[in-house]
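Student: Sequence:
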Amino acid sequence: MHSKMKQTVAAFAVAAAFAAPAKAELTGDLTIFLDTSNPAPRATMEEMIGRFGELHPGLSIETTVIDREAYKTQIRNFLTANAPDVATWYAANRMRPYVEAGLFEDVSDLYAEPEIAEAIASTKGALTIDDKQWGVAYTYYQWGVYYRKDIFAELGLSEPTTWDEEKANCAKIVESGRACYTIGTKYLWTAGGWFDYLNMRTNGFDFHMDLAAGKVSWEDERVKQTFMNWKELIDMGGFIADHQTYSWQEALPFMVKGEAAAYLMGNFAVAPLREAGLTDDQLDFYQFVKINPDVALSEDAPTDTFHIPSNAKNKEAAREFLRYVVSAENQTIINNGDNLGQLPVNANSSVDDDKFLNQGFDMLSNNATGGVAQFWDRDAPAEMAKASMEGFQEFMVKPDELDKILAKLERARGRIYK
Numbered sequence: 113m114h115s116k117m118k119q120t121v122a123a124f125a126v127a128a129a130f131a132a133p134a135k136a137e138l139t140g141d142l143t144i145f146l147d148t149s150n151p152a153p154r155a156t157m158e159e160m161i162g163r164f165g166e167l168h169p170g171l172s173i174e175t176t177v178i179d180r181e182a183y184k185t186q187i188r189n190f191l192t193a194n195a196p197d198v199a200t201w202y203a204a205n206r207m208r209p210y211v212e213a214g215l216f217e218d219v220s221d222l223y224a225e226p227e228i229a230e231a232i233a234s235t236k237g238a239l240t241i242d243d244k245q246w247g248v249a250y251t252y253y254q255w256g257v258y259y260r261k262d263i264f265a266e267l268g269l270s271e272p273t274t275w276d277e278e279k280a281n282c283a284k285i286v287e288s289g290r291a292c293y294t295i296g297t298k299y300l301w302t303a304g305g306w307f308d309y310l311n312m313r314t315n316g317f318d319f320h321m322d323l324a325a326g327k328v329s330w331e332d333e334r335v336k337q338t339f340m341n342w343k344e345l346i347d348m349g350g351f352i353a354d355h356q357t358y359s360w361q362e363a364l365p366f367m368v369k370g371e372a373a374a375y376l377m378g379n380f381a382v383a384p385l386r387e388a389g390l391t392d393d394q395l396d397f398y399q400f401v402k403i404n405p406d407v408a409l410s411e412d413a414p415t416d417t418f419h420i421p422s423n424a425k426n427k428e429a430a431r432e433f434l435r436y437v438v439s440a441e442n443q444t445i446i447n448n449g450d451n452l453g454q455l456p457v458n459a460n461s462s463v464d465d466d467k468f469l470n471q472g473f474d475m476l477s478n479n480a481t482g483g484v485a486q487f488w489d490r491d492a493p494a495e496m497a498k499a500s501m502e503g504f505q506e507f508m509v510k511p512d513e514l515d516k517i518l519a520k521l522e523r524a525r526g527r528i529y530k
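According to the working numbering, the stretch in the sequence shown is residues 113 to 530, in order.
Think of the hints as simulated: they come from the structure by calculation, not from any bench. Glycine is no exception: its CB is placed at the ideal position from the N, C-alpha and C atoms. Take the hints with a grain of salt, since some may be wrong.
What the hints assert, rightly or not - Straight-line Cα separation of at most 30 Å, DSS-like style, residue types lysine-lysine; simulated pairs: (1) K510 <-> K279; (2) K498 <-> K467; (3) K236 <-> K427; (4) K284 <-> K261; (5) K284 <-> K236; (6) K279 <-> K369; (7) K369 <-> K510; (8) K467 <-> K336; (9) K402 <-> K425; (10) K530 <-> K236; (11) K284 <-> K510; (12) K327 <-> K516; (13) K369 <-> K343; (14) K520 <-> K530; (15) K244 <-> K327; (16) K467 <-> K402; (17) K530 <-> K498; (18) K244 <-> K498; (19) K184 <-> K520; (20) K327 <-> K498; (21) K425 <-> K244; (22) K498 <-> K184; (23) K184 <-> K284.
What the hints assert, rightly or not - Quick list of simulated restraints, FRET-style, between CB atoms: (24) E230 <-> P405: 28 to 36 Å; (25) G140 <-> N404: 52 to 60 Å; (26) G349 <-> A213: 45 to 53 Å; (27) G370 <-> D276: 20 to 28 Å; (28) D141 <-> Q361: 34 to 42 Å; (29) E159 <-> E428: 40 to 48 Å; (30) D322 <-> P405: 16 to 24 Å.
All chains, please: the whole structure from these sequences, using the hints.
Tutor: Okay, here's the thing in C-alpha cells:
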C-alpha cells in the first residue's frame with residue numbers, strides 16, 4: 113500500500129514537472145475557500161487539494177468548505193476582511209463586481225505561459241474583463257435538448273436542426289397526447305435557460321450580452337421577437353401544465369414516464385434520468401436548433417472557477433495551485449465520471465467515454481462558434497436576473513401579457529443599471 117502511494121505521488125510529481133517550470137519549494141500557509149458543499153464535488157476538490165499538497169510538502173494547506181448559498185452572501189465580506197489565498201467562484205458577469213471592486217487578482221501572467229495559453233483557450237473569454245484574466249476555470253458542462261429517442265422513433269421524428277423542424281416535431285408530439293418539453297420553473301432559473309437559447313438564436317451572442325449588460329431596452333422589437341418565438345411553443349401546448357409548481361427535479365418524472373418528450377437542461381440532468389431507469393438507448397441529445405440563419409450558434413456552458421483574492425497572503429503558492437488546477441492530468445481526473453462528471457477545460461485532457469460528455473465536448477469545441485454564455489443568472493446582474501426570470505415565468509403562464517411584462521422589465525433596467 114505504502115509503495116503504491118509513493119508511486120502515485122511520483123507520477124503526479126512527473127506530471128507537475130511537465131505542467132509548470134521548476135520553481136523553488138513552496139512554503140508557508142495556503143488557505144482555500146470552496147463552495148463545493150455537495151458531497152461528490154466536495155470529495156473531488158478535497159482529493160485534488162490533497163494531491164497538490166503531496167507535491168508541495170512544505171506547504172500547510174487549510175481548506176474551508178462553505179454551503180453554496182451561504183457562500184454567495186459571504187463572499188464579499190471575506191474577500192474584503194480576511195481573504196483566503198484561493199477561492200472558488202464563477203466566470204463572466206458573476207465575477208465582475210469583485211473585479212471592479214479590486215478584490216480579485218489579475219492572473220493574466222498565467223495565460224501567457226505556453227503550457228496554459230493554448231490549453232485553456234476555450235474558457236479564456238469567460239475569465240476576461242478589460243482585456244485581463246481574473247481566474248481560471250476548472251470545469252464546465254453543456255446545456256442542450258435531452259430527448260426520448262424511443263418516443264421520437266414511435267412518432268417518426270428525427271433530430272431537428274431548424275426552428276421549423278422543431279415546431280413541426282412539437283406539433284406531432286402534442287398530437288400524440290404528450291407535452292414537447294418538461295420544465296419546472298418554481299425556482300425561476302430554468303426559464304432563464306429557455307430565454308438564453310431563444311434570444312441567442314434569434315439575435316446572436318453579442319446582442320444577448322448587451323441585454324445582460326443593460327445596454328438594450330426590454331421593449332426593443334428584437335427582444336419582442338425572442339418572446340414571440342417562445343410564444344409559438346407555449347401556444348401549441350408545448351410545455352407541461354403547472355410547471356411553476358415544480359422544481360427542475362420534480363419535472364424529471366414527466367420525461368421518465370413519457371408524458372413529455374424532451375428537456376432543455378444542463379448535463380447534470382443525465383444522472384437522475386439514468387437513475388430513474390432511462391437507458392442510453394432511450395435517451396439522446398441535440399444542440400438547440402438554429403432560428404435566425406444569419407446568427408452563429410452560441411451555447412450556455414456554465415463555468416466554475418478559481419480566483420486569487422487581491423488580499424491573499426501567499427500569492428506565489430496560489431498561482432502554483434491554479435497552474436495545477438488547469439493541468440491536463442488534473443483536469444482529466446477531476447472531470448471524470450467518478451468525480452464531477454463534467455467537461456475538462458484543458459484541450460489536452462481526455463473525456464470519459466460517456467455518450468453525453470462526448471457529444472457536449474464536440475459541440476462546445478467545434479460547434480459553438482458564436483460564443484459561450486454563462487447562463488442568464490450569471491451573465492446578468494443579480495437584481496436584474498431575478499426581476500427578468502420572474503418575468504420569464506410569468507410570461508410562460510400568461511403569454512398574452514407580454515407587453516406589460518416587458519414594460520415592467522424596462523422599468524427595472526432603468527433602476528438597476530443607473
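Student: Given the hint that K284 pairs with K236, test it: the Cα-Cα distance must not exceed 30 Å.
Tutor: Status violated; Cα separation ~42 Å.
Student: Can the restraint linking K369 and K510 be considered satisfied, given a maximum Cα separation of 30 Å?
Tutor: Given pair K369, K510 holds - Cα atoms ~27 Å apart, limit 30 Å.
Student: At the C-beta level, are E230 and P405 separated by a distance inside 28 to 36 Å?
Tutor: This hint holds: roughly 32 Å between Cβ atoms.
Student: Hey, K530 versus K498, does the alpha-carbon distance stay inside 30 Å?
Tutor: holds (17 Å)
Student: With the threshold set at 30 Å, check whether the alpha-carbon distance from K467 to K402 stays at or below it.
Tutor: holds (23 Å)
Student: Is the hinted pair K467 and K336 satisfied, with a Cα-Cα distance of at most 30 Å?
Tutor: violated (37 Å)
Student: K236 and K427: Cα distance at most 30 Å?
Tutor: Given that 30 Å is the threshold and the Cα spacing comes to 21 Å, the pair holds.
Student: Do the alpha carbons of K184 and K520 lie within 30 Å of each other, as the hint requires?
Tutor: Since the Cα atoms of K184 and K520 sit roughly 27 Å apart, the hinted pair holds (cutoff 30 Å).
Student: K369 and K343: Cα distance at most 30 Å?
Tutor: Holds. K369 to K343 sits at ~26 Å (cutoff 30 Å).
Student: Is it true that the C-beta distance of G140 to N404 lies inside 52 to 60 Å, as the hint says?
Tutor: holds (54 Å)
Student: CA of K510 to CA of K279, is that 30 Å or under?
Tutor: holds (20 Å)
Student: So if I understand the rule, the pair passes when the alpha-carbon distance is 30 Å or less; does K284 with K261 pass?
Tutor: holds (14 Å)
Violated hints for the displayed structure, listed by number in ascending order: 2, 5, 8, 9, 23, 29.
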